[in-house]
Structures are given as structure tokens and as C-alpha cells.
Amino acid sequence: MSSPERTWKTVESGPYPYKEGLHPVVKKNYGKWKYHEYPRPGVLKHVAESGDVLYTVRGGTPRQDSVDFIRVLCDVADTYADGYLRFTTRNNVEFLTPDEEKVQPLIDELESRGIPVGGTGKTISPIAHTQGWLHCDIPATDASGVVKALMDELIDGFRGMDFPNKVKIVTQCCELNCGGQGDIAIIVKHTRPPRINHENLSEICELPKVVARCPVAAIRPTVVNGKKSLVIDEEKCMYCGACFGACPSMEINHPEYSKFAIWVAGKNSNARSKPALMSLVAHGLPNNPPRWPEVGAVVKQILDAYRKGGRPWERLGEWVERIGWKQFFEETGLIFDEDMIDNYRHARTTFNQSAHVRF
Amino acid sequence: MSSPERTWKTVESGPYPYKEGLHPVVKKNYGKWKYHEYPRPGVLKHVAESGDVLYTVRGGTPRQDSVDFIRVLCDVADTYADGYLRFTTRNNVEFLTPDEEKVQPLIDELESRGIPVGGTGKTISPIAHTQGWLHCDIPATDASGVVKALMDELIDGFRGMDFPNKVKIVTQCCELNCGGQGDIAIIVKHTRPPRINHENLSEICELPKVVARCPVAAIRPTVVNGKKSLVIDEEKCMYCGACFGACPSMEINHPEYSKFAIWVAGKNSNARSKPALMSLVAHGLPNNPPRWPEVGAVVKQILDAYRKGGRPWERLGEWVERIGWKQFFEETGLIFDEDMIDNYRHARTTFNQSAHVRF
Amino acid sequence: LNPTPMLDELESGPWPSFVTGLKELAERTKKPMLRGVMDQLEYSYQTRMGYWKGGLVTVKGYGAGIITRYSMIRDKLPEASEFHTMRIQAPPGLHYKTDTLRELCDIWEKHGTGLIALHGQTGDIMLQGIEADKVQECFDELNQNGWDLGGAGAGMRTGVSCAGPARCEQACYDTLEMHERVMKHFVGAVHRPEWNYKFKLKFSGCPNDCTNSIMRSDIAVIGMWKDSIQMDADEVKAWVETNGMEKLVNEVVNLCPTRAISLKDGGIEIDNSNCVHCMHCLNVMPKALSPGKERGVALLMGGKSTLKVGFNAGSMIVPFRKMENEEDIEEFIDLADEIIDWWDDNGLDHERLGETIERVGMKQFLDGVGLEPSIDMVTKPRDNPYFKTKY
Amino acid sequence: LNPTPMLDELESGPWPSFVTGLKELAERTKKPMLRGVMDQLEYSYQTRMGYWKGGLVTVKGYGAGIITRYSMIRDKLPEASEFHTMRIQAPPGLHYKTDTLRELCDIWEKHGTGLIALHGQTGDIMLQGIEADKVQECFDELNQNGWDLGGAGAGMRTGVSCAGPARCEQACYDTLEMHERVMKHFVGAVHRPEWNYKFKLKFSGCPNDCTNSIMRSDIAVIGMWKDSIQMDADEVKAWVETNGMEKLVNEVVNLCPTRAISLKDGGIEIDNSNCVHCMHCLNVMPKALSPGKERGVALLMGGKSTLKVGFNAGSMIVPFRKMENEEDIEEFIDLADEIIDWWDDNGLDHERLGETIERVGMKQFLDGVGLEPSIDMVTKPRDNPYFKTKY
Ligand code: SRM
Ligand code: SRM
Ligand code: SRM
Ligand code: SRM
Ligand code: SF4
Ligand code: SF4
Ligand code: SF4
Ligand code: SF4
Ligand code: SF4
Ligand code: SF4
Ligand code: SF4
Ligand code: SF4
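Residue numbers (this note's numbering), protein chains in the order written: chain A, 482 to 840; chain B, 482 to 840; chain C, -7 to 383; chain D, -7 to 383.
No lab work stands behind these hints: they were computed from the structure. Relax, there's no trap hidden among the hints.
Here are the simulated PhoX-like pairs of lysine-lysine, each with C-alpha atoms no more than 25 Å apart in a straight line: (1) C:Lys229 to C:Lys279; (2) C:Lys382 to D:Lys300; (3) A:Lys807 to D:Lys355; (4) B:Lys755 to D:Lys218; (5) D:Lys239 to B:Lys526; (6) B:Lys603 to D:Lys279; (7) D:Lys68 to D:Lys126; (8) D:Lys285 to B:Lys526; (9) D:Lys256 to C:Lys239; (10) C:Lys239 to A:Lys515; (11) B:Lys647 to D:Lys279; (12) D:Lys314 to B:Lys509; (13) D:Lys89 to B:Lys526; (14) D:Lys176 to D:Lys190; (15) C:Lys380 to B:Lys717; (16) A:Lys603 to C:Lys279.
With the hints as extra help, turn the sequences into a complete structure.
Printed below as a string of C-alpha cells:
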């Protein structure tokens, strides 16, 4: 309390206390849920051991919300959900109510306000997105825009429940970082080595950090115009952009030399098959704002083939595993090429070390 | 013809011509075989499209044969197989005859001469072996002796056909080289870094070759007593003995510091599952000539469990794959330990990257 | 507002538009920063380049939690020359009372742009768009209302937990409670990062892993049971009556990864010793099947993104621990501390736990943190002879 | 003979004893080298150490084929101070007329010990135990009788082929003929090694791979078919009658790795587009099922032992090529030459083909040797973003 303006102490409280936000029915049946059902797309019904029932209505959001939008959500929650709401780990909003009668009006209200209801069960849940041009310092493309453009095209998939299983899509606005694994991923790919801004570099850069960041040891210290700088071995460099994350003078971004790549068959859950890393199946698609139509087209090709060929409960990667990658490329019309053969550290473990082959 | 003694030219002929050694029935039906059957252990019956039938009787050999032994085989072939015989890729000898009546006498003849008949079908085929103390310059143990000792114990498996599938066993008398993949492998394991014989080294060794041979870059050049020599970083060295193969001054062998390790679940064929590398399941067994009983005991434990638990056509590794490694260790009574967790280049790909677990 | 023709194309279509949100907010509040941000974003769309660079802003006593952004084109578009984000730790499970959210909105609108991401990929509430000189006052007001900053930099990061016991029958432990307590323990490490690199914890109530923890956290805490799956035979029958035998075989029996399920008496029988706890059968028949009674957690370690070894999934380190009370949580915390110490001692700069384990070796890691090796940790024992051991 | 108590213990037991063989041979022939070798081996058993060291012996015009051994304890046991091995290329398929073998025995007994390994792991006949100064005369006599030396050192090694068309219904090409022709082409490279390291070829008539080629050769030539499996429906029925439906389902249908086999009309139906040519069903029902009619070979590359990347299985590079006539063999030889050139140019010392491909990259390899990439080469497309490409 040494300074007069400061009449309180910072409380290093960590997470906001969770108990406050729990709906009374949740509190009562906490840890005592028995099962769930899917009454219709966008709605979950959870039944507790006590016999209590809880309906969840799920709506899509832009994730980059305004306070106005959030206040609208609060209004809806006050009217239909006793003043409680929650968000999912995938940026959907959820309204919880024990009252079956409120479900339809709630849905109507949301849809009338432009909030689509869906995302439950065997469906396309909103695309997990990142910061992009809106906020990040290293992006080669946008994220919110890509998500919006794609979700516009995939809205039927969000509203329906007629995929073989859940479809989780992710984007990533630089080549390396924040998106996770998804059934489908849309990731920027640089197509030439960084141009080094030697001017900047000598001023701002911690050189050893940048050197250490390169996955293939392509960066060496050098002297340019009498100042310490760096040089890139363009033979080794595979344009990943990791160095740019360590120092903005490693200019990797460029409107023409950044393309999109599509990856598929990632999986996070342990259901049936183990979690899986996704594989590259298309690249060289233009970075074409504001709606990236070429990307959307490929994503839809993949989704169509999966919807048609997948068996119930098969995640996208499990479908591919069953039919084989050769068939995947045939069914989607995508073309396998030499860049899709791994050449990184564990490359060998992805080679077909057998005579197993389909014709 | 410049020198009087030399009245011929060396003919670089390559392989000995194969046609000469083909049995007439083989020649006639070459490429026209239709199917095979197993009339009894040690005997194959091949039927050709022409209707011709060919019996094969298979016998075990020590592989390190004497001309006397080979002449005995020739005598038998002359009597029962029209003067033809062949060897398998696994050092068995085979007598081919179209004449069913000759089969039993042939078997009797072989057995009476101490040549066991067997090795066909779902059986233990002779252990693939290497040179060992008999001839190699880098072995840490013998090979022929290990094979003989073990085959004595496994003879029933050779003569019967009651395993789930073929059992292929291999040995290897240094830690790195000539044995291949097997359902079970018996391989020497060194337990301390090489002692460098600096005296020798400076005289005979191509230093850069030795430095380059080490898989973990543990060897550095140095100077000892004013002479160029090498030094081993004992922290890094994992006692593989690769350097000893490049230079005998890297003395890795030692009667006490060499033990046996048992590996299982290797597979070469593509039948059902892909070819597979074998995994370490026991180590620290003594290098105990002339009969290595501790090794034999472990091999038998494994074979017993496999014979009991494997389903028809399941190779050892496929059985393990089905029941899980945890169960394998339980059924065999072997103990999993931390050294069995991979820590080499592709270690990560062997970690259980999932929540899949059995209790 | 200045014209933003490219952004405007993102206003049409059925999915709620962040552009519309931004525009309306900018129009209502007249905050110049919002206008500037839109102009800059439009410019990015036109030129296909980003124009933010980082910097350093914190609050008193903290070293992290604010993602600082300065415009690289402030000469051209000065209104958004600053656009910092405050990461705020959300409540575990992401449940809110509307009062709380409204309060948050009000505080945020007062000090910042009013743009909020619910939620960031790590689980933070991201308050996006504030000037450096307003950060402290904004934080103070938030903090007085129970909010605290989240992680950034080379320290503990914000945690995330699934709905868990709050609304899910599969939860094998209390994800929310554990998340809250554990993150309270690590609060200093969140605020004052001083490790080699970031460290993330995520809490999923079962192996469905609805927080994607295995792929994205250094320690993934996954609900697990050790005894047998609970089966309600009548409900199995009811399920078969409704759905048919074909569906039972095709969608349950045949999809068990270890074929641990067989048909029996018109229902099913589970060989629990061969069940790998994948969740599939429980997912299909939640009314009939439930996790066992002996519940707790499995710990997987080393999950992370691509830098620089390539994407890494976490791997099984502790197959089962009870997680029923405070003591269990304390024991977890002790272990986590131990692990972080080991990693901080043995890791290189910018090296995540999974990379350190791989580089140094699992054996050394286990020895270092005092855990027993187990076959559950690997898909198979080593296939190369490169190990050293003394007898 | 001197006493060899430890070796003697290997005389008992049902398996034929190499010790007994050695002893009898030594007693009959009275060759001192044999006695010396036994003494040295006994000494190795006593002391658990090996006592041979290498050297260099060849025949005129050749640089390889003799594995040279000098005793390190010649002071103690002078009788076996030399004990060299001559590697001789066996006939493809390992078929012999007794005359031929007897002749070989006679020549060998004349010049060497009379100890022969049938066969070495690579497929050579190994004539074990000769003095350096007798090597040339022995070779000359052998060579006049049609025999040639095999490989050693950094060159082409001796090939091996399975029984193939000589005695196997599964053979998809003529393993013996191809082996003979190809090895004749490479005969110079066998005798005068001058590459980075050894190079091995093995020929298996089908994916059962009875020569273990995938695991042990730089190029594995594996029989393959491209059209549908040939099925004799009547024989399928007969099989089911003999063996029963249960066995059909459990041992055929259920064991197909891609579940390409289904039951139909009391027999089976194969979805050939989903068959991966594993051989299993053909193995179980050889009378009813045979490889298709469009036959040829698949080529897998990079198989080898442990040095220094760990054991490496060869991987699929060419899924199918016809292999019916001389021309096809010539084309294979051209490709093999191309590959060896690339490897010799790009490889490091003591680096096998598989290691070079892995280090340099599959893409570069394919470009270098002019092969098209195909999905058959991999189990899945890359999972890391570390690739470079220009558009
Ligand atoms: C609400 C949420 C948890 C939360 O705390 O927010 C949640 C809730 C449920 N999940 Fe989930 N999952 C949630 C994210 C996830 C994620 C992570 C993600 O979306 O990024 C995964 C991993 C995805 C992956 O593998 O890539 C996930 C994998 C599952 C699975 C496994 C699916 C599979 O077969 O692979 C199930 C099982 C099922 O679908 O029956 C499941 C099941 C469920 C159940 C049925 C659990 C229950 O009994 O209540 C819940 C309703 C599912 C539904 O919507 O169909 N949940 N679930 C998350 C909703 C995300 C969204 O808005 O779309
Ligand atoms: C004679 C020989 C080829 C030769 O040119 O010498 C041979 C001959 C046959 N093999 Fe083989 N295989 C021979 C070595 C191998 C090897 C290599 C080895 O032993 O080192 C393998 C790979 C082993 C591995 O995977 O590690 C091998 C894997 C097979 C398989 C696949 C077995 C599996 O299910 O994995 C079959 C199919 C079968 O058993 O029906 C097979 C089948 C056969 C058949 C039935 C083929 C036929 O129709 O004639 C032959 C009789 C088999 C038998 O004895 O049961 N052969 N076979 C080799 C005999 C070796 C021996 O003396 O024991
Ligand atoms: C904001 C957020 C994306 C989003 O829009 O949701 C984000 C944004 C950034 N991430 Fe991330 N990461 C975010 C979640 C993730 C995740 C997902 C997760 O946490 O579950 C990952 C993958 C999991 C992981 O941790 O590996 C992730 C992996 C990375 C990495 C690569 C780490 C690695 O070891 O491979 C970097 C690069 C780095 O740290 O140098 C990175 C770096 C960054 C930086 C700090 C880039 C930078 O150097 O400036 C980004 C700041 C953007 C900004 O302007 O705010 N971000 N980042 C997420 C955090 C929000 C939150 O706090 O809730
Ligand atoms: C004789 C033989 C073992 C046997 O008793 O059958 C053998 C013996 C030797 N091998 Fe081998 N290898 C023999 C087949 C193999 C095989 C199996 C095969 O060819 O199918 C392999 C595994 C396949 C492969 O090529 O990788 C094999 C992998 C090695 C290696 C490791 C190569 C690698 O890249 O990992 C070495 C070490 C080296 O080359 O430096 C090696 C080295 C040696 C040397 C030359 C060791 C040395 O430096 O002196 C041995 C000479 C022993 C001797 O005194 O005769 N030997 N070696 C086999 C050759 C007989 C023949 O010609 O028929
Ligand atoms: S993915 Fe890359 S560009 Fe996008 S927010 Fe993350 S670090 Fe920034
Ligand atoms: S772009 Fe990637 S590979 Fe190229 S220099 Fe930078 S960090 Fe290295
Ligand atoms: S395995 Fe080793 S010791 Fe044995 S023969 Fe081969 S190289 Fe020599
Ligand atoms: S024994 Fe192996 S690890 Fe040790 S120095 Fe020699 S080559 Fe290197
Ligand atoms: S992880 Fe499991 S417990 Fe948590 S919400 Fe998902 S299904 Fe429920
Ligand atoms: S949880 Fe998974 S592994 Fe266990 S019985 Fe059910 S489906 Fe099988
Ligand atoms: S590899 Fe095939 S063709 Fe050759 S012997 Fe074996 S089963 Fe017959
Ligand atoms: S050969 Fe193998 S993959 Fe093909 S149908 Fe038969 S069992 Fe299936």
C-alpha cells in the first residue's frame, strides 16, 4: 500500500473459479451423469443417475467475438438457460437447460440471430483457428477469414449429422505452429527460403537463437557490411519459416511465395485407433483472400469422398487406413507426388517396407 | 599363355550354372508346378500341372560340413534321388524324388546316419548361423556351437509340425552383423566400451574410417605417446563394437563383458503382416560355452508360450501383436526393463503415443 | 469507417461473420483502434502480408500474459499502431454465469477494443486490442474481479479441461477441480516464465480426449479406469432391440481395436484384460456401458507442435494413478514439479519436454524423475542393439 | 588329436555335430591345419575370446572372394596359423548333381582342409581352411571346372535365389535364370570391388520371400502379379469339405490383412483391388488359389543389417515390372546399374543404398535414377511440413 492509487494487492488467482459458472442442474448432478443422446443436430440430452435431464443447445460463433455478440449470447442464456452458458473446447457456445420445452424456442432464437445451431455428433464442428493477419506477427495468411469462408461452404455439414463420424478441421496461418491435428488441416506452405533483412538483423536479432532454431541447421553466422549477420544455405533450407519466428529479419513471408497445403487423417481421440498425425495430400494451392476458393474446393472433394465411402464411426484417417492411400487419392481425385514422400528424421518409418501393394 | 604353367584363361563365369543340377522331373515341370502338400514332417509333395509328383525329403546338417559328410549326402542322393540334391536357403539338405516308395527308406537311411528329417511346415527350421570363433575375426562368441547346442534341445520342434506357424531362429556372433531377422534371435551384447590398444592402433589403423564407423560419434582422434591415436567418449559409447569391425585395436571383446540377448518377433515374409524387425526381450545372459544353457532355457520359455498361445498361421510376432507385449512378458515369464525402451534414432516411433493400455 | 472491400466479402454467407462483428463494434464504439485494425487487415488481404511485430508489455510483478503487437505500417495507418492482447485464464470447463461474462465485457470495453476471442487454442480468454499504457489499469480492474492473466513465453501455460463431470458420463476424474488446483500451484510459473520453453497441461476426463491434450500438451492428464467396464446387461439388450444385431456386430464388436468384444447370449462379453480403454464401445452404447469403478488418470507426456522435430504426440508415461482427493492432486503436482525440474536441467533452449526425452533417452528421463519403466510406455521393445548396460 | 574337452561336449545330442565332423575329417586326413583349428577353437571356448585376424589374399586379376584369416596365437598353436576361406558362387536355386558336388569335394580336399559350409548366409559355398600359397592353384582347378569366386568387400556380392520355378508353384518369375544372368553381368563388380560398400541382390519368387531378401539385400527382387488371384472354385469347395467352414473363416478370411476376402456361396470371393499380395490365402489353399497370370517382379531397396542406422528393411520402389524374357532382365540390369551409379556417386564410405536414400531423400533418389514417385512406396504421405518445392 505504498502508493495511494493502489488500494489492493494483485491476487495471483490463476484460473477463474469454475464453481460459480455451473448451472444448478450441473451442480446437483456433478459427476453423476449416466448417459447422453442426440435428440437432433445441435442438441445433446444428458441424463443423470438421479433421473435429471439436461439439454444442451450448441451454436456456432466467429470466435473473434465482439462484446456486443457476447452480450447477445448472455441475453439468450438469461431467457432460456437460467443465466448460464458455456463454451466448448472448439469455440462453440452451449446453452444448458433442464427444460425440454425451451429447446426449440432457443434454437429458433439463435438461428434468428444468425447463430447456426449444430456441431454435435457425426458432424463438421467449427474449424479450429488461429490468429493470422489479424494479430499474429508471423502469419503468412489469415485465419479468421479462412475459417469464415470455409464454414460458409460447410454449413450443411455443421447442421447435419450425416458423416461417418465427427470431422475436425484445423487451420494454421504459419507453417509450424498453433493448429493441432485434424481430420483435415489447411496450412500455409512457404515456397522459397527467407530473404534476410541484414539491416534489421544486426540491430534486433539474437543471432545464436536464430541459428539454433533451424531444424536442418541451414543458418550460419557471417559478416555483412562489417556487421554480424547470418547466411542461409539455400540447398539445405526447406522454407519452414522457423527462423522467422525467432527473428523477423528472416523474411519468409511473401504474397506469391506462400501457398496452401491440405493435410488429412490426423486424429486426437483414442477411440478405436490411436491418435494419429496428419499427412500431406495437396499443396501449391494459391493463398487467395478473401475466400480462398481453391482451398475450399479441395476440402469439399475430400469430404465428399469420405462421406460416401466411410463406414459408421470411421474417422477420416480410419477410412483411409481401411481402403489404403492409393484408393484415397483415386476417390478424391487428388494427385500423389514426390513431395509427399517424407524426407525428414523419421522418413524411413513411413516407407513401405514390405511387398504389400495394391493394384 | 605367356607363362608355360598356365594353359588356360580364368573364366569369370559368376554363379555355377543352375541347369546342370536340376532333377529331370524338375526340368520337365519347371515353372509348371500346381500345388504342394505336407504328407508328413520333413516331406513335401509337389504336384505339377502335368500330373507329375515330386517328393522332397528334408534333412538337417551342421552347415559346417566335412567333405566326408557331403559325400555321404551324395551317396544317399545317388541311391534314392537319381543323383540330385539341393540345399535350402537355411542349410537344410533336400532329396527330390518322384517315387513315393523311396520316401520312407530315404528317411530311414538319413535318420540312421544321424541326419534328422524335418524342418517343413509349421516347425522349427535350423537356426541360421554365422562364423563365430571358428573363423571370424570379430566374434564375441561361437555360432556353430550355439546352433548345435540349441538344435539339440529343439530337435522335437524340428521333427514335428505342431507350432502355430514356422519358427525361424537366427544367431549372431557379434552385436551388429550377419544374422538376419528371425522369430527369435540370439545375439551377443557387449557390456563395456572397447579398450583401445594404442600400440597396435598407431601401426595398423586407418583412423578416419574408425571414427566414421561409430554410430553415435563417440570416437575422436587424439595423440598418445606422441603417436596419433583415438579416444572414446565413454559417456556416448554404447558398446556396439562397430569400431572393432573397422579396426581390431578397438578391443571390445572380453570373456566377462559379453553377454547374450534374446530378440523376438522379427519376420521376413510378407504373409499377412509386413516384414518386421525383432525386439529385445531378454539380456544379460552369460556367454557360457560349450552349451549356453541359460540361453536355451529362455528360448524354450518363449517357444512354449508361443506354441500354447499362438493361433494357426500366427507367426511369433503376430501372436504378440494380438495379445500385446504386456501379455507376452507375462506368458513367457520374462521381465521388461528400461533398456528395452528404444533410445536410438527412431525411438519416438516406438513410444506408445496413445492412451491405449491394458491392465 | 474506411472502405474494406475484401473484408466485406466475408460478411455474406451463413456462418457468423467476425467482420460484421468488428464493423458493428467499431461503428458503435467509435474506437479508432478498431477502425485502424480493420484498415490494416484489409491491407493485409490486399497485399497478402502481415504487418504486426512483437514487443514487450507486462503488468507489475508479472513477466507474461500480454501478447504485444505494434504495427509495422503505423506511418500509413496510425490508428492501430498498438494492438495488444491480454490472455486471461478462463474458468476450468469454460462454464460461465452471464453476470460474470457481462462484467468481463464491460471492463474490457472500458479499457480495450471490446474484441474477445472465446477462446484461444490454449484455452485463454483473449482480450484483443489495447494500448500498452492501459494494460495495467485494465488488469487491475479485472484482477479485483477475480480474473488473472494466462501464460505466454517460456513458462507454464494456461490449462484447459473438458466438460468432464460437469456434463459428461465418461469422466473418470474431476477435470475441473484438478485443473483449478494444479494451475493455482503453477501460478507463479505462469506469470514469471523462466524455463527453457513453454510447458502445457491439459485435462481430459477420458481417452476421447476432448481437449486434444495428447497432441498438444507436455503433460496430458487423461481419465482412465483400471478394473472392468461396467455393463448393464438389460441396457445392452435394449440397445440391440432398438438397433439390431447387424449394427451391434458392425459398429461395436468389429470396431474394437483389440477384438476384446464377443457376442454372448444375444448381448456382448468384454475380455477386459484385452481392452485398451479406447472408449469406442462406451461411446456407441453409453447407456449400457460405463467406465469401471476404479477410476483415475493416465499421464502422457511430450505432446507438441512441429518445432523442430516435427509434430509429436505425447506418449504414455504413467498408465494409472488414483485421482480422487486433494492428496492425489498434490502427488501429481509433486511429480509434475519433478518432471519440470528434470526438463529444465536437461533441456536445451526452446526444447519441449518431448524433445528432451527423445534426445536424452527415455531411460534417463525415467531414472531422473524416479518413475518405473513399463511395457505400457512403448508399442514394442527396442529393435536396435544400441543400448548400454552393465551387469 | 589334442584333447578338446569342451568341444567334445558338442558331440552328444541328436543334432548332427560339426565337432564330430571336424574330428573325423582331421583323423582321416591328418591335415595339421584341421588339428590346429580345433585346438584354437577349444582355446576360444576355454577363454571365451576369438583369435583370428584378417589379411589380404586374392587370386590373379581378382580383388575379392577370399576371407583371409591369420591366427593371433600362432606362437602357441602354430598349426593353424593360416585358415583362409574361399567363397564360391553356388548354382542359383542351390540344386546340385552329386557328380558336381563330389568333384568339388575332391578338389577342395586336395588343396584345403575339406571343411565346407553349405551355404553361407549370402549364398556362397564357403571352402574353409586353406593356406595363402595354395589359393591360386585351388582356384585355378575350381575355375576350370566351372566354379568362380563369390563377393567380398565393397563390391557386388554373391546372389541367392529361392527354389522358384524349379519346385514351387508360387514362383512369379524365373528366379534361377534371372539370378544367373544378372550375376553374370555383375561378375566384374563381384571380383573387383570398388564401390562405397557392399551391394547385395536376392531373388525370391513371391512375397513369401524365402531368401529373406527384403531384410538382407540392397535390391530385393520379389515375384509379384498384377491381375487377379486365380481361383479354382471347385478346389475351394473341396478344401472347405475337407477342412470345414470354421477353418475357412478363422484361417483364411479372418487372416487376410486387408479383409479382402469374403464368404460367398459356400466358398470365397476376393476383392482383388484391395488385395495387397501378402500370399497368405494362397499359402493356405495352394491347390485352389494361385498368383494371377500377369506376373513379374516388385523391387524393394535398401535392406541391410544394423550398421549404422539400425537394421533396415528394404522398401517398395518398383511395385511391378514384367520379367518374362531376356529383354526384361536387361532392363532390370540397366536400372540396377543406374541405381548403383547414383549410390556410388552420392553415398558415403561404408554407406549402404538404404542409408544413402534415407540421408539424401527418396525424392532425390527417384529423380536421380529416373523413377516415378508412387503412393505404393510409402505407408502414408509425409506427416511433417519440412519439404521444399517451387511452383
Ligand atoms: C463439448 C466438448 C467438450 C468440452 O469440454 O468442450 C465435447 C463433448 C462431447 N464429446 Fe468430444 N467434445 C469436445 C471436443 C472433442 C474433441 C476436440 C476438438 O474438437 O478439437 C475431440 C477429439 C477430436 C479428434 O479426435 O480429433 C473429441 C472427441 C470425442 C469423441 C471421439 C470421436 C472419435 O470417434 O474419434 C467422442 C465419442 C463420440 O463421439 O461418441 C466424444 C464425445 C463427446 C460427448 C458425447 C461426451 C458426452 O458424453 O457428453 C460430448 C458431446 C459430443 C458431441 O458434441 O457430439 N468426443 N471431442 C467439445 C466440443 C467441441 C465442439 O464444439 O465441437
Ligand atoms: C526350401 C525353401 C526355399 C529354398 O529355395 O531353399 C522354402 C520352401 C518353401 N517355402 Fe519358404 N522356403 C524356405 C525359406 C523360407 C524363408 C527364409 C528362411 O527360412 O530364412 C522364409 C521367410 C521366413 C520369415 O518370414 O522370417 C520363408 C517363408 C515362407 C512362407 C511364409 C510363412 C509365414 O506365414 O510367414 C511360406 C508360406 C507357407 O508356409 O505356407 C513359405 C512356403 C514355402 C513352400 C511351401 C513353397 C512351396 O510351395 O513350395 C516351400 C516349402 C515350405 C516348407 O518347408 O514348409 N515360405 N521360407 C526354404 C527352406 C528353408 C528351410 O530349410 O527351412
Ligand atoms: C493465440 C494462439 C492461437 C489462437 O488464435 O488461438 C497462439 C498464438 C501464437 N502462438 Fe501458438 N498460439 C496458441 C496456441 C497454440 C497451440 C495449441 C494449444 O496450446 O493447445 C499450439 C500447439 C501445441 C504446442 O504447444 O506445441 C501452439 C504452438 C506454438 C508454437 C510451436 C511450439 C512447438 O514446440 O512446436 C509456437 C512457436 C514458439 O513457441 O516459438 C507458437 C507461437 C505463437 C505466437 C506466440 C507466435 C509468436 O511468436 O508471436 C502466437 C501469438 C499470436 C498472437 O498474436 O496472439 N505457438 N500454440 C493460441 C493461444 C491462445 C491461448 O492462450 O488460448
Ligand atoms: C560368412 C558370413 C556369415 C556366415 O557364416 O554365413 C559373413 C561373415 C562376415 N561378415 Fe557378414 N557374413 C555373411 C552374411 C551376411 C549377411 C546375410 C546376407 O548376406 O544375406 C548380412 C546381413 C545383410 C547385409 O548385407 O546387411 C551380413 C552383414 C554384415 C555386416 C553389416 C552390414 C551392414 O550394412 O549393416 C558386416 C560388417 C561390414 O561389412 O563392415 C559384415 C561382415 C562380415 C565379416 C566380413 C566380418 C569382418 O569384417 O571380417 C565376416 C567374415 C567372417 C568370416 O570369417 O568368414 N557382415 N553378412 C556370411 C557370408 C557368407 C556368404 O558369402 O555366403
Ligand atoms: S499458426 Fe503461426 S501465424 Fe498463426 S497464430 Fe500461430 S504462430 Fe501465429
Ligand atoms: S526457413 Fe526453416 S529451414 Fe530455412 S533457414 Fe529458416 S529455419 Fe532453416
Ligand atoms: S555376426 Fe559378426 S562375428 Fe559373426 S560372422 Fe558375422 S561379422 Fe563375424
Ligand atoms: S563400441 Fe560402438 S559406440 Fe562405442 S566407440 Fe565403438 S563404434 Fe562407437
Ligand atoms: S474427454 Fe471424455 S470426459 Fe471429457 S468431455 Fe470428452 S468424453 Fe467427456
Ligand atoms: S473400450 Fe475400446 S478396447 Fe475396450 S472393449 Fe471397448 S472398444 Fe474394445
Ligand atoms: S519365395 Fe515364393 S516362389 Fe520362392 S520358394 Fe518361397 S514360396 Fe516359392
Ligand atoms: S493374398 Fe493376402 S491380401 Fe491378397 S487376398 Fe490373399 S490374404 Fe488377402
